[in-house]
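Same order as they appear, the protein sequences are chains Z and F. The first sequence maps to residues 1 to 414 in the numbering used here. The second sequence maps to residues 1 to 185 in the numbering used here.
Read the hints as simulated data drawn from the structure, not as lab findings. One thing to keep in mind: the hints can contain errors.
What the hints assert, rightly or not - Here are some chain Z residues pointing at chain F (derived, C-beta under 10 Å):
| hint | residue |
| --- | --- |
| 1 | Tyr24 |
| 2 | Cys28 |
| 3 | Arg59 |
| 4 | Tyr395 |
| 5 | Ala411 |
Where a beta carbon is used, it is the ideal one built from N, C-alpha and C, also for glycine.
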Amino acid sequence: MDQKTRDDLLKLFQDKLNEAMKFYLETCTRCGVCTEACHVYASMGQIKYIAAYRHEIVRRIYKKYFKRRGKIWPSVGEARELSEMALEELYEAVYSCTGCRRCMVYCPFGIDTQMIMSIAKLLLIGAHTEPEILTLLTDTSVEKGKSLELFKKGFLTGIKNLEKEVVKKWKIEAGETAIPVDVDGADLLYVALAGAVPAAAIFNAAGENWTLSFFEAVNFGAFVGDPTKTKLILDRIVDEAKRLKVKEVCICECGTAFRVMKQLSGKQPFEVSSITEVHARYLREGRIKVDKSKFREPITYHDPCQIARNGGIIDEPRYILNCLSDDFREMSPEPKYNWCCGGGGGLVALGEDNLDFRMKSAKVKADQAQETGAKILTTACENCHTQLIDLNSHYEMGVEVKFLSSMVADALMQ
Amino acid sequence: MWALHDTFLLPTVRRHNPIFWVFLMLFHISFLLLITGHLELIGDFRIFQIAQHEVFLGKGFVGLILSISLLFFLFRRFVSPNRDLSVPEDYYLLILLFLTVFFGSQMDWARRWYDYGNLPIVEYREYLSSLLYLKPHLSSDLTSSGHSFMLVLHVFFANLFLMFFPFSQVMHSFLSLPMNKLRRG
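Bound-form chain Z, shown alone:
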């Protein structure tokens, strides 16, 4: 690595060093309490997957270039040079971490591993060694936002086709728009992933004055860890919400999108909620009713890390499930200690490339789900959903993986 590249990378590192980050980097005493926290370590047992070890890889570079002690006496803190090899280590550490923050619950100081990993992600982007596919997806997503007029037409045609499906399945009154788009002054802006059929059915059943966003919820910028692009993708939804003067932005089953929208959008004139919260609210207020006899088999729920542990949505899905079934089984005695599915942090988006790793690293999750004896495994995050389907076939768990919102839609009483 030449001096110029290194300097550029260190500049990126410097940008990340705010007060909180410095505290995270300084405080770790390597006490090892986080050892059991990581699902990858619990499943695979390799030292490099312990949270503290992951930080240490970043911390060594921090000591070397930003701390005098790393210059005077590098060996005492094992300060290390930023080299090609260090980048490889960083890659290994960061793309085996799903950012679930289970370790943060274990740490006596509350060190946020994901924050530290974000430095590593940024360095990898700077060195152009990040997974290409993620950058590609991010750029496609950003491009789509730029030429909105061009893709608007195709989008609207797509929506018309989806509407037919909604009407067919949930018998909407004639003359009513099944999927409203671009409604000025709507109460709720729904940000979906591809397809919004079950969600539309529920919104209509609840009589919500809603509108569908032009943009997809998923924030690939956050997966690859590029703050500028994350903001670009986030801001266009914020702008749309402001333009339509909505009161609430509801994010579909996407953990990352929800966390980014809720915690990184700053103070806005609208509320941010997840679809799970909205459904629980409809049920509580009696705006929709569900048929309890629809699902007779035992159900268990996987708490998506970004929505439960990192987003605080813990009671709502349980309320919904108790409306849907008499046999709801908890996976973990305390939701905040729930294992990650192993698909977060962009790992699922990497697709087949890391399928083997994803399956091996999530053994604990598969075991945990199987122990409940449930036949339906439900969740509220697209990433978790994909990963759980893969786990289901890999470990032959014999469960049915479903979205919580689809279950609500299926059990909806007309």
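Based on the hints, put chain F in the right spot on chain Z.
Using the frame of chain Z, we list chain F on its own:
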């Protein structure tokens, strides 16, 4: 409030590693008691005498507990996976602290348990407060006494430790509270 609870009672450690937690609590409480003891070597603080005691609380056992827990911390770093997480700094700090505590406690133990009577508090007070006023005065009674080499070693290692302190992970003593505040939000 919860941040204080998290900082001083270490609930996460208690839950996930109870044995480690016992030693951590013993260590940190004893450490506070020792700081109190040293303050009393500088001057007479009425507030510390709420519970009547000779200077240095705990009849010598505080030092013993500290030494044992430091050895525990050190040895647990010899075992994988903690060994792989540790960097030299962690070992140096523990060894330094152990040496400091051990030689310091020797003086206390000598006085308490082996009837060594030649440890006058008055002279320590004189010496330490003279340091505080930047007019160092070391009484020859201290330097020529039988335990002076213990004293010299104790002060030497303590100084090394204090020099290392701000540049090391021991800063967690100050950063722990703001960090836990950050997590609790």
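Hints and how they fare:
1. Tyr24: 8 Å, holds
2. Cys28: 7 Å, holds
3. Arg59: 9 Å, holds
4. Tyr395: 26 Å, violated
5. Ala411: 36 Å, violated
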